[in-house]
Amino acid sequence: MKRFIASLAVVLLSLGGLFQATSAVFEETVKVAGSSFSVATSFDGGGGPPPPASSNTALKMLADLSLGHVASNLSDFVPGSSFENISPTWISESPIKMYNTGTELLDVVASADYISDVDTLRDDIYVEISAWDDSNSNGVVDAGEEGDSFGRDTILRLKNDTFPLGEIAPDETKGYILRFDGVGLTEVNQGMSAVYDFTFTGFGL
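When the letters of the sequence shown are read in order and numbered with mature numbering (1 follows the signal peptide of the UniProt record, and there is no 0), they come out as residues -23 to -1, 1 to 182.
Honestly, the hints are just simulated from the structure, not real lab data.
Keep in mind that the hints are not guaranteed to be accurate.
Lysine to aspartate or glutamate pairs mimicking EDC-like chemistry, simulated, CA-CA at most 16 Å apart [to be verified]:
(1) K151 / D84
(2) K151 / D125
(3) K136 / D90
(4) K151 / D90
(5) K151 / E122
(6) K151 / D111
(7) K151 / D130
(8) K151 / E61
(9) K136 / D100
(10) K136 / E105
Can you make the complete structure from the sequences, with help from the hints?
What follows is the structure, given as structure tokens:
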């Protein structure tokens, strides 16, 4: 069984839907690692550790979103973002791209891991994952490039209910937008912080 992991550290919400992969022959996993969230001390209006050496064979993340799938731009891990002074009206997005270097079709699912969350911000921060077609390949989410949403939920639900993101064919690159918001935050959460990894696993059948 092969695994490669892409981890993000952020306060993430779970996109709804369970994915059963009991028939999978192998797994490829990548991570966005060490996304961090810090809630503002009043409501007025990252990155994680260096990634380890690459060890996966098929599913990869693009380190530089404006570059193609050249070998030097492929990684099992990319650093997460750091979000500071977030509030109930806060919204921010993190675009990512994944590439299938293998010869098998991969069914991709997203999940979250808690690196540090003693205050359970995972209950209050939401994330939505959408398809992203970077039509001009500039690595920036421009108007008209965002596609269908795969769902929106709390980071807690993303941890407990793996979230399906569709298929990535061999030699195909797909982009996704992770959009976070603090709509669930209240004054009780002021000054709290958390770090999360976001993991994307490709199941080959």
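Which hints from the list above does the structure break, by number from lowest to highest? When the structure is compared with the hints, numbers 4, 7 and 8 turn out to be violated.
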